[in-house]
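Just so you know, the protein sequences line up as chains A and B, in that order.
Using the working numbering, you'd call the opening residue of the first sequence number 5 and step up by one each time.
Using the working numbering, you'd call the opening residue of the second sequence number 13 and step up by one each time.
Since the hints were derived computationally from the structure, they do not count as laboratory data.
From the three backbone atoms N, C-alpha and C, an ideal C-beta is built for every residue, glycine too.
Take these hints with a grain of salt, some might be off.
Unchecked claim - Derived DEER-like restraints, expressed as beta-carbon distance ranges: (1) B:Gly198 to A:Gly90: 25 to 31 Å; (2) B:Gln70 to A:Arg36: 57 to 63 Å; (3) A:Arg308 to B:Asn196: 51 to 57 Å; (4) A:Val53 to B:Lys308: 55 to 61 Å.
Stated by the list, open to error - 25 Å max Cα-Cα, derived BS3-like pairs, lysine-lysine: (5) A:Lys62 to B:Lys211; (6) B:Lys301 to B:Lys283; (7) A:Lys62 to B:Lys178; (8) A:Lys278 to A:Lys355; (9) A:Lys312 to A:Lys251; (10) B:Lys283 to B:Lys308; (11) B:Lys229 to B:Lys308; (12) B:Lys178 to A:Lys126; (13) A:Lys312 to A:Lys278.
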Amino acid sequence: MNAEVVVKPGAPPRKLAYFQAMVEAIRQEMRRDPAVFCLGEDVGAMGGVFQSTVGLFKEFGPERIRDTPISETAILGMALGAAAHGMRPIAELMFVDFMGVCFDQILNNISKTHYMSGGAVKLPLVITASTGGGICDAAQHSQTLHGFFAHVPGLKVAIPSNPYDAKGLMTSAIRDDSPVVYLFHRGLLGLPVMGYVEASLATEVPEESYTVPFGQARVVREGDDVTIVAFAQMVHKAIVAAAELDKRGISVEIIDPRTLVPLDVDAILRSVAKTGRLLVVDEDYLSYGVTGEIAALVAERLDRIRLKSPVRRLAVADTPIPYSRALEPVVIPQSAGIVAAVDELMRTSIK
Amino acid sequence: MSDLNVAAVAAMNGMENPMMKTDRERMLWMYHRMLLIREYEDTLAIVYFEGKLPPKIQKGLAFDIGAGSIPGEMHLAAGQEAAAVGVCAHLEPRDSVWATHRAHHFAIAKGVDLRRMTAEMFGKVDGLSRGKGGHMHLYDPHANFACNGIVGAGIPHACGAALAAKARGTGAVAVAEFGDGAVNEGSFHESLNIAGLWKLPVVFVCQDNNYGISVSKRASTAVESNVVRAAGYGMPGVSVPENDAVQMSAVAGAAIARARCGEGPTLIEMKVDRYYGHFQGDPETYRPKGEVKALKGQDPILKLERMLLESGAIEATGVAAARQQAKRSVAEAIEFARNSPYPGAAEAHQHVFAD
Chain A
5 MNAEVVVKPG
15 APPRKLAYFQ
25 AMVEAIRQEM
35 RRDPAVFCLG
45 EDVGAMGGVF
55 QSTVGLFKEF
65 GPERIRDTPI
75 SETAILGMAL
85 GAAAHGMRPI
95 AELMFVDFMG
105 VCFDQILNNI
115 SKTHYMSGGA
125 VKLPLVITAS
135 TGGGICDAAQ
145 HSQTLHGFFA
155 HVPGLKVAIP
165 SNPYDAKGLM
175 TSAIRDDSPV
185 VYLFHRGLLG
195 LPVMGYVEAS
205 LATEVPEESY
215 TVPFGQARVV
225 REGDDVTIVA
235 FAQMVHKAIV
245 AAAELDKRGI
255 SVEIIDPRTL
265 VPLDVDAILR
275 SVAKTGRLLV
285 VDEDYLSYGV
295 TGEIAALVAE
305 RLDRIRLKSP
315 VRRLAVADTP
325 IPYSRALEPV
335 VIPQSAGIVA
345 AVDELMRTSI
355 K
Chain B
13 MSDLNVAAVA
23 AMNGMENPMM
33 KTDRERMLWM
43 YHRMLLIREY
53 EDTLAIVYFE
63 GKLPPKIQKG
73 LAFDIGAGSI
83 PGEMHLAAGQ
93 EAAAVGVCAH
103 LEPRDSVWAT
113 HRAHHFAIAK
123 GVDLRRMTAE
133 MFGKVDGLSR
143 GKGGHMHLYD
153 PHANFACNGI
163 VGAGIPHACG
173 AALAAKARGT
183 GAVAVAEFGD
193 GAVNEGSFHE
203 SLNIAGLWKL
213 PVVFVCQDNN
223 YGISVSKRAS
233 TAVESNVVRA
243 AGYGMPGVSV
253 PENDAVQMSA
263 VAGAAIARAR
273 CGEGPTLIEM
283 KVDRYYGHFQ
293 GDPETYRPKG
303 EVKALKGQDP
313 ILKLERMLLE
323 SGAIEATGVA
333 AARQQAKRSV
343 AEAIEFARNS
353 PYPGAAEAHQ
363 HVFAD
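With the rest of the complex left out, here is chain B:
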């Protein structure tokens, strides 16, 4: 089995397009979604700290993780948008995405209801899970999206969904998205082996943001590129070495088309950047000074925006309108979440079982 490369798969673009008729439509869709994701994450970064800092918290504390409008841990995906839109641009509603603790970008790209997702983070009754999941446990069966708080745990879930699709003949594809830290979990290896063995319609998307919390990829991973691991499981491995939505879309589109027509799984490693800490409030002492600033110099949204402007696919007024629209959507979602009531105490005892 020969590895795919970016040029080869770009040539295969005619094979897919389930939702968008033209490359231009797809690029514009990706651009709009990336703007929405970035606006969402940058807004959450601010809203998250509401009520968490002095003087609103108990004296002596520098930061109270459980206080404020959005309690608990918060993992933001700014800088990783390209991976999400590159993949989801090729997914249909019947396809499923199984994501991680840092999953807002995939949730938004897959079409999860932004207002209910936000209400969930606020712990409100209108949340996707009626306030019982929080931001690491977003489930939207209508969008076929689920994420997971345990590193690597969702990877076999995608294989199970792919197996179900095969058994039921639905033609659906499943995507497991995870970070470079997850490839060192046993669940990754068990899942890839079975997917390769049974030629399951699944795509494994590893986002290499170079960090597993604080430990760099170099310090945790025996191989430079995780793509080589694909060979051990009888599937092609493709690397996207740049944080570039167009390249990611080309590679993901080919892998999804390959899965859909019964040729089996693909492992993709996409280079992305993590602009925020592992969690909000992470002091990031492990990160070289100036690293994030340098990474932002190659921002994937600005890159796509330039391309769209240069090709005439969008005009300056269109850019301004798109940015305004993203702001409005996020503000509406936050407003919806703020106005939603908290669940009643009885809610705590519901849904332990399905009956």
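Chain A with its partners taken away, still in its complex shape:
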């Protein structure tokens, strides 16, 4: 697979896959700031199991692209220590599921140090990991878990859904003085071994460095009848569903918050105030999760927002992710399910 995209003079706008856009942001920041370095399992010569650091080892060498032992606690703990002492580490966990091995460093240390020190100790570090289902990797390698991170005070959480945001959010993450959890969805990366998402995986990405600010949602698609708030892979499922719903005369607006923390509450409320209907679609677990949080934000403002139908949520329905090809799409929301949920929303009214 090609990490470097060669652009010929006079060629049409440059397109990059998600993983290439993400790596480009890291490369540009590493060139700009010698304090930035990567550490994690297989980030070196291999370029990351999901090509999240591909090509960087060759340019920056083993001191700045550090292969580590399989020691998640040490990886994150060292990122903390290095960040407190003048560095800007990017620590990769490979699969977000592996954070279970080192959750103390996230839950009790990285997220809380700035607060517990009364602002005396800043931790400019980025934790990256791949997320999501779609390749039948079963319950220990298919979760998204972004809600976990968003639940813990002190962590910013970015979950880009496309190459442009992947680059801009990574640049913002590296430059942020707070710890950022940056989660990339495997299905969106554009790797030749995982082409299962119904989406255009290479899109136009400017070559020059740019940031996508945290806390600014993207209106993926404007519409009048229903607001769908969706994240990462679910954005693309929602786009497919919206095209189908269009044929039925239902106009869908899709909001991609891009970051869970900080969350662009205003953008969500603005859209829901316009459409009067809300469906939240998430690949994380349903109960006590992100979908409930967004529903609650709307519920708390019903004095200002008039809903035409009750809020609906679609998420992984409180089961582990099953292995079988026949079962995995049963628990992970799919486009057909989104269409059905919107249909139902249009037929339901508030008593």
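Dock chain B against the given chain A, drawing on the hints supplied.
Then chain B, alone, in the frame of chain A:
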């Protein structure tokens, strides 16, 4: 790689001395700091119970951990002073210490501001963390000191600081200090492996006080001495089997010099004693009767004091003056903390993020 021993490293003493010119100066510095630490811990042991006992607390309670001037848990390090001064006597301001929940001795030895540290324990706005950390979470970037409420969690942080020092070429050394309970945590093993692998400028200081809360080392640890674990991670392991500041200083000085000149990490196990319970109010039912009294018979401060008196490095009047000075410093710190105001309610919402 051959293990270092106390005699061999004592012979290497000429290599270090970053702060103190002579052994005598170092011994006197250690003595003064140990007195200060002991006075601090013994004073806190009393102040801590202010307002926590009947009749000042709710009827029916024997002891109210959340009441009084210093709320929350309190872990005191009296009896462990020698380890802190032995190590910190060789550290420069640029060097960092990553400590545990029982960390006052290392904080004081590393030069953390005593008044702000005390104000932090009182939950006051002049505290190191403006009252948001408490005694298990003392952060002083000026002294390059941090401690941690989770057993073993700070060990990889020291490795990260050491990695940063290496990357930035600062020449700084990082010290992870922890108890004998922490060596059974995964973080210890992951950290030592990486430090050994990358030859990081870090020193691992295990203080063996024989207890992980209530469970003795014998009941929790498969090996008699944790020093043998160093061999598994490609670094020397050195034991200091006596609660003796001079021996600890010799071993720590060599390990710190070794780290500073790029030769990599060392694991040191230092025998210390825990005079108080795991936390204040701990009934210590698990401890043999008379154990603490016997341990105090080999007190490391008295031992160093005798040595200094016998060698003429200090006189009886000097001892009295040093003890008075420690009392004054601690009283001032407590007074400062008492007089500092509590933070306003808005403080609770500040510093979640760095912006």
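Earlier hints that do not hold, by number
none
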